[in-house]
Amino acid sequence: MIVAHKKRWGILLTLLLSILTVVFIAPVFIVLMNSFKGQFFITDAPFAFPDAQTFVGLQNYVNGVQKIGFFSAFGYSLFITVGSVAVILLCTSMTAWYITRHKTHITRLLYYIFVFSMIVPFQMVMFTMSKMANLLGLENPFGIILIYLGFGAGLSVFLYCGFVKSIPLSIEEAADIDGCNPLQKFFLIVFPILRPITLTVAILNAMWIWNDYLLPSLVIGSRYRTIPVAVQYLQGGYGSRDMGALMAMLVLAIIPIILFYAFLQKHIIRGVIAGAIKE
Amino acid sequence: MQRNVRKYVWLFLLPTLIAFLISFLIPFLAGIYLSFTEFTTVTDATWVGLQNYVRAFTEDRDFLNAFWFTLKFTIVSVLSVNLLAFILAFLLTKGLRGTNFFRTVFFVPNLIGGIVLGYIWQLIINGILSGMGVDLTYSATYGFWGLVVLMNWQMIGYMMIIYVAGLQNIPTEMQEVAAIDGAGGLQTLRHVTLPLLMPSITICTFLTLTNSFKMFDQNLALTAGAPGKETQMLALDIYNTFYGSIGQEGVGQAKAVIFFLLVAAFALIQLRVTKSREADL
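Heads up: the sequence lines are chains A and B, in that order. The first sequence lines up with residues 286 to 564 when you count with the numbering used here. The second sequence lines up with residues 61 to 341 when you count with the numbering used here.
For reference, chain A alone in the conformation it holds in the complex (with noise of 0.2 Å):
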């Protein structure tokens, strides 16, 4: 009886939750189905599948690429993306050893003013980062990389010293015993043991400056343009703006993602979860 119940209850939920799953797809469907429609019959019908009227093949994929030159967005996009990654990675791992493993006055000054960062909105820095940038000439693809070591800095920094302190200090004893200089402990003993938090790290910051608007649109947005300000560029006044070639390009950002996410989902999930816990 109580089985039977049990059943009948989880097939409902089954159905329910099935029903969900369809309304959370749905946006990103009719998004997909009316990138293939022509630009006029878009607005007032965008939940109608494309017809033999309305059907334009890849008309609307080849506007998008040509006007907001979707390539080289694509291009500048994965340069900064994983650049930016690779630098962070490196230097706040380094900076985060260093920081937990030698006490001073100023290294734990330092932490708290990396911890204080990640409290501050953007807005609060954006127009003197932006003039600082442009003061220093940091307005391309490379020094963009260098800012976002400097933003990154707050959240990695505290992820990864969260880290250092749970390494037992006799490894690196050990290392020292051997004769090792701190660069060869660091490379050699201490990087490999933070891979788990290294993935963590890799994953938010890839997430946050691959999805990242203002900063870029007002560092490097008026030469270089990554697909968010690609995507926002081809915004033009309200209602003169071609909304095929803009379905068009929204499908085309979001394939990216969910390529990164069917293969590292599993690591994503962990990776997000452990760093919202430790914020």
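One should not assume that every hint holds.
What the hints assert, rightly or not - Facing chain A, according to a computed beta carbon distance under 7 Å, are these residues of chain B, among others:
1. Tyr179
2. Pro255
3. Leu256
4. Ala316
Everything labelled a hint here was simulated from the structure, so no lab data went into it. Keep in mind it's a predicted model, so treat the numbers as computed, not measured. All C-beta atoms, glycine included, are put in the ideal place defined by N, C-alpha and C.
Chain A is fixed; fit chain B onto it per the hints.
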């Protein structure tokens, strides 16, 4: 040995420190200073005292409107996101088949950037509204609920995952003992599950709170403030004060400082609450 390390200190610290100074610390301090000055290019600043802070509230009602709009949005979002995420997490920890699949799907929107999210929902909401012959720019009410729906779609999956992790940490014996003692489902939820879930609830509340309060990209893409500036949130108002008007840089910076203080206040309260809870355990 200690001297040996000192030789390497710059190698370990310098790259991060230089970047941190350039992109955060100097701009942050300069920002505080500039909020008390009038300037257009940073180098031509003249001291004006608190004038910018007064102007932020008196020149027009934009900042105050943005504040109330942001506050209302934050309250509604925090409540709805956390309630829905908790219900989902609760259902997904009942040991159903396919749980992993559902979890994976619900998390997807969180990976998509704010600008793209904004345009996805602009299409959907305008599509629904066009049946009534209007669109998002018709009334601030539509923009408000549009933003709430968008925020829920984006954050529910993320918060759900944290709640699931929290629920899985609660030993099943606790619930079994409660059941043996004759507690009903709701009683167990209220007196056993929820208190043990407090750490997750604090994290999720904090994350949704700061994310809603600081929202920018989604606001810019979905409504850009329309109609007029009625759906403009604080971050967007600050942006428009800097880049959408002339001679307002000082006012923009003063608004930014106020914005920072508000966010910092949230963070401090959060820290207090978490600390006091940890002491109880």
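Can we keep the B:Tyr179 interface hint, with Cβ of chain A closer than 7 Å?
6 Å, holds
Does the interface hint hold: is B:Pro255 within less than 7 Å of chain A, judged Cβ to Cβ?
18 Å, violated
Is the interface hint satisfied for B:Leu256? The criterion is a beta-carbon contact with chain A at less than 7 Å.
15 Å, violated
Hint validation: B:Ala316 versus chain A, beta carbon distance must be below 7 Å. Holds or violated?
Because about 5 Å separates B:Ala316 from the closest Cβ in chain A, which is inside the 7 Å limit, the hint holds.
Hints 2 and 3 from the earlier list are contradicted by this structure; the remaining hints agree with it.
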